[in-house]
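Asker: Residues per chain, in single letters:
Number of protein chains: 2
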Amino acid sequence: MVERGGDGARAVAAAVYPRAGSAHTVGITGAPGAGKSTLTNALCSVIRAAGTAVAVLAVDPSSPFTGGAILGDRVRMSDHTLDDGVFIRSMATRGHLGGLSLATPEAVRVLDAVGYRWVVVETVGVGQVEVEVAGAADTTVVVLNPGWGDAVQANKAGLMEIADVFVINKADRVGAAETRRDLEGMLAMGAGRGRVPAIVETVATEAVGLDELWAAVRAHRDALVSTGELEARRAERAREELREVVRARLLEQAAARCTGPAWDEAVRSVADHHLDPWAAVDRLLA
Amino acid sequence: MVERGGDGARAVAAAVYPRAGSAHTVGITGAPGAGKSTLTNALCSVIRAAGTAVAVLAVDPSSPFTGGAILGDRVRMSDHTLDDGVFIRSMATRGHLGGLSLATPEAVRVLDAVGYRWVVVETVGVGQVEVEVAGAADTTVVVLNPGWGDAVQANKAGLMEIADVFVINKADRVGAAETRRDLEGMLAMGAGRGRVPAIVETVATEAVGLDELWAAVRAHRDALVSTGELEARRAERAREELREVVRARLLEQAAARCTGPAWDEAVRSVADHHLDPWAAVDRLLA
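Protein sequence lines correspond, in order, to chains A and B. Numbered per this note's numbering, the first sequence spans residues 13 to 298. Numbered per this note's numbering, the second sequence spans residues 13 to 298.
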């Protein structure tokens with residue numbers, strides 16, 4: 013219902029909101045192929061071994077053309093399919109007016125309200141919306157690989173700024189030490205948000221380094237709680253989400269404007285190059 | 013001015029719109045690392061050798077946090093820096109209300125109006141907005157590599173659906189023939205938009221296959237023109253752009269609602285978990 017949006021999603025939001033707020037959310041992001049799904053899978057095993065239930069939202073960018081998500085992540089996560097203590101959902105946002113930015117926190121609150129104390133949100137770290145979604149977690153883990161240092165990687169700056177914990181995955185490959193040095197250099201120049209992010213090396217396919225990652229995530233959570241930063245971060249997120257909802261409501265009104273004779277007239281004037289789009293819309297909304 | 017948006021961009025749009033419409037736009041997209049910039053660079057050389065001027069817009073996803081683009085593409089395109097017949101711009105959209113979706117067609121029209129008959133728009137093919145931007149060209153080129161067949165690549169479906177021409181770049185690597193077979197299989201099942209996309213193999217770093225790519229792009233353009241499909245496609249794009257402008261105008265109004273005592277009250281009620289975001293906004297907008 014949350015993915016579909018509309019009245020159903022709003023009823024869910026109203027029921028769930030008062031019960032949410034106890035879960036700690038962990039964003040896991042990085043470039044395609046960095047090993048995010050495998051790492052998420054391995055992290056779930058560690059969390060489960062600690063006796064804790066965990067929920068995973070795998071946020072696939074929906075195809076803008078079919079509205080369909082590619083459910084690949086479910087395949088990779090199949091280690092946990094028989095474990096009731098792990099809930100996994102590949103998320104699509106067909107029809108949700110606010111897109112991923114609104115649907116994701118709503119879905120997280122459902123999982124939170126039903127009792128999961130850890131909710132992991134995995135997104136691909138390319139694309140404005142996707143990076144924003146990853147950054148809207150309590151603790152954001154950015155997954156890199158040895159050799160990422162190539163100076164012209166898309167979106168590196170965006171990823172650097174949302175990281176609370178860096179993971180150098182596939183750390184058994186050549187270049188892990190250099191990648192760590194690069195990272196430390198960038199952090200020394202002030203990258204990251206607030207406190208200096210931890211750097212953890214993993215080989216997710218071999219389950220190497222996962223205890224260290226889990227410890228780094230918990231340490232970050234504890235620091236957020238003890239300094240009061242968690243409250244401040246969540247208040248800022250509530251403000252930002254409210255802005256998104258105002259936008260979504262006004263966009264509903266926009267849809268009503270894009271139909272009828274005045275709309276057809278506006279389209280014609282633009283297609284004929286009589287008016288530029290902004291001028292045509294000014295006339296339409298006047 | 014177009015990248016900054018606002019009144020300046022609108023004045024430019026009004027001046028430019030009546031003069032635009034002659035350029036053919038070519039979108040080039042694909043996963044990070046597929047070789048899009050190198051391919052674009054090599055394609056420019058071929059177009060230049062034919063005696064034609066060409067403009068390139070390299071659309072980098074802006075960091076959502078700093079508003080800064082990473083100007084890597086400019087570096088790779090330096091073959092053409094001394095050639096007046098090639099105009100290259102790494103595009104950022106700091107401040108443009110409509111983001112990439114509106115700023116890109118506006119920038120294309122500026123290049124069109126000043127006389128470029130070919131405008132190449134290069135975007136990273138991951139992320140909803142970026143794929144949409146790539147698909148909004150007259151001819152969209154999707155760049156793949158041998159081995160892309162991995163069943164769980166993000167956004168493959170979206171890319172398949174916007175392709176007018178497929179390029180298998182790095183075709184000297186193992187797996188090029190298989191990749192072509194995979195592609196042909198998917199196309200036989202009805203992927204792609206309308207006419208069956210051409211498949212071209214290239215090694216962009218060695219300038220291999222570029223004449224074939226240029227021929228495929230021109231053949232697609234000629235087919236669009238002779239069937240009247242070009243007109244229909246552009247009319248549909250004008251309609252979609254107009255919808256975006258209506259949204260952008262209403263979003264300006266949204267900003268005005270997100271300030272003042274009523275707004276502060278709404279934020280407080282959500283942060284205290286008294287109201288869910290949708291209920292708070294209903295109260296705010298009532």
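Hint data in this document are derived by calculation from the structure and do not stem from the laboratory. All residues carry an ideal CB built from backbone N, CA and C; glycine is no exception. Check before you lean on any hint, since a few could be wrong.
Said to hold, decoys possible - Derived list of chain B stretches under chain A, where covered just means 3 residues or more per stretch with a C-beta under 8 Å from a C-beta of chain A:
hint : segment
1    : 148-155
2    : 210-219
3    : 228-237
Said to hold, decoys possible - To give an idea of the chain A side of the interface with chain B (calculated C-beta under 8 Å), a few residues:
hint : residue
4    : ASP184
5    : VAL186
6    : GLY187
7    : ALA188
8    : THR217
9    : LEU242
10   : ALA244
11   : ARG245
12   : ARG255
13   : ALA292
14   : ARG295
What the hints assert, rightly or not - Listing some non-contacts, in silico: residues in chain B with all C-beta distances to chain A over 10 Å:
hint : residue
15   : HIS92
16   : VAL141
17   : ASP223
18   : GLU241
19   : ALA278
20   : ALA283
21   : ASP294
Asker: Taking the hints in turn, state whether each one holds.
Answerer: Against the structure, the hints:
1. 148-155: That given contact is violated, which follows from only 0 residues of the segment 148-155 of chain B lying within Cβ reach (below 8 Å) of chain A.
2. 210-219: Per the Cβ count (0), the hint is violated.
3. 228-237: Since three or more residues must qualify, the claim that chain A covers the segment 228-237 of chain B is violated, with 0 doing so at under 8 Å.
4. ASP184: Given a least distance of 21 Å, the restraint on A/ASP184 is violated.
5. VAL186: A/VAL186 check fails; min Cβ-Cβ to chain B is 17 Å, beyond 8 Å.
6. GLY187: It is violated, given that the least Cβ distance between A/GLY187 and chain B is near 16 Å, above 8 Å.
7. ALA188: Constraint on A/ALA188 not satisfied, violated at 19 Å.
8. THR217: Nearest chain B Cβ about 15 Å off; hint violated.
9. LEU242: 13 Å, violated
10. ALA244: It is violated, given that the least Cβ distance between A/ALA244 and chain B is near 10 Å, above 8 Å.
11. ARG245: With Cβ-Cβ at 11 Å, over 8 Å, it is violated.
12. ARG255: 5 Å, holds
13. ALA292: Holds, about 6 Å.
14. ARG295: For A/ARG295, the interface hint is violated, since the closest Cβ of chain B sits about 11 Å away, which is over 8 Å.
15. HIS92: 17 Å, holds
16. VAL141: 6 Å, violated
17. ASP223: 27 Å, holds
18. GLU241: The assertion about B/GLU241 holds, with a minimum of 15 Å to chain A.
19. ALA278: It is violated; B/ALA278 is separated from chain A by about 6 Å at its closest Cβ, not greater than 10 Å.
20. ALA283: B/ALA283 is in fact no farther than 10 Å from some Cβ atom of chain A, at 5 Å.
21. ASP294: The assertion about B/ASP294 is violated, with a minimum of 8 Å to chain A.
Consistency note: the structure conflicts with the earlier hints numbered 1, 2, 3, 4, 5, 6, 7, 8, 9, 10, 11, 14, 16, 19, 20, 21.
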